[in-house]
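In this note's numbering, each number is its position in the sequence shown, counted from 1, plus 42.
No wet-lab data here; the hints were simulated from the structure.
Predicted, not measured: the structure shown is a model, and the values here were computed from it.
Any given hint could turn out to be false.
[Claimed, not checked] Derived lysine-lysine pairs resembling BS3-like cross-links, with alpha carbons at most 25 Å apart:
#1 Lys70 <-> Lys162
#2 Lys76 <-> Lys111
#3 Lys73 <-> Lys111
#4 Lys93 <-> Lys73
#5 Lys111 <-> Lys162
#6 Lys111 <-> Lys75
#7 Lys111 <-> Lys93
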Amino acid sequence: MAEGAPQYIILFDGVCNLCTGSVQFILKRDKKKKFFFGSLQGQTGQDYRRKFQLPANTINSFMLIEGEKLYTRSTAALRMARHLGGGWSLLYAFTIVPRFIRDAVYDLIARNRYRWFGQKEACWLPTPELRSRFLE
43 MAEGAPQYII LFDGVCNLCT GSVQFILKRD KKKKFFFGSL QGQTGQDYRR KFQLPANTIN
103 SFMLIEGEKL YTRSTAALRM ARHLGGGWSL LYAFTIVPRF IRDAVYDLIA RNRYRWFGQK
163 EACWLPTPEL RSRFLE
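Between the sequences and the hints, there should be enough to build the whole structure, so can you do that?
Take a look at the structure:
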């Protein structure tokens, strides 16, 4: 990783209300500004999909990139909570639950996220104050 490159990058579905709500949740609590973001539909998402050889239709997953390592689904969410710090890091204890169980719950929510939480016509755009945290 190049010097000055973001340590933690979160890739998210930019048209999903749950996903953009999660990004806003993280932004509000990330006091040390550790996390940077890119939508899976945008250039950053496309670049990382190619880098990690993911299918082009991979918009169904929350992804966390730590340095040169990619984490997806429940593991990505739990690692993000750990790095967010404070009481949120306690959620990392759920990694003791077998991944196939965690990911089954994750997949249930992911499959139904548009129906349960809604969908935007276009990707959510950050405010000018937050734009520096987005990699597009």
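Status of the hints after comparison with the structure:
For a cut-off of 25 Å, the pair hint linking Lys70 to Lys162 stands: about 21 Å separates their Cα positions. A threshold of 25 Å between alpha carbons decides the hint, and for Lys76 with Lys111 the separation of about 16 Å falls inside it, so the pair holds. Restraint check for Lys73 and Lys111: satisfied, since their Cα atoms lie roughly 23 Å apart, inside the 25 Å limit. Of the pairs offered as hints, the one joining Lys93 and Lys73 is violated, with about 29 Å between alpha carbons and a cut-off of 25 Å exceeded.
Taking the CA atoms of Lys111 and Lys162, the gap is near 30 Å; set against the 25 Å cutoff, the hint is violated. Distance restraint check for Lys111 and Lys75: the Cα-Cα separation of roughly 20 Å lies within the 25 Å cut-off, and the hinted pair is therefore satisfied. At most 25 Å may separate the alpha-carbon atoms for a hinted pair to count; Lys111 and Lys93 meet this at roughly 11 Å.
Going through the hint list in order, the structure does not satisfy hints 4 and 5.
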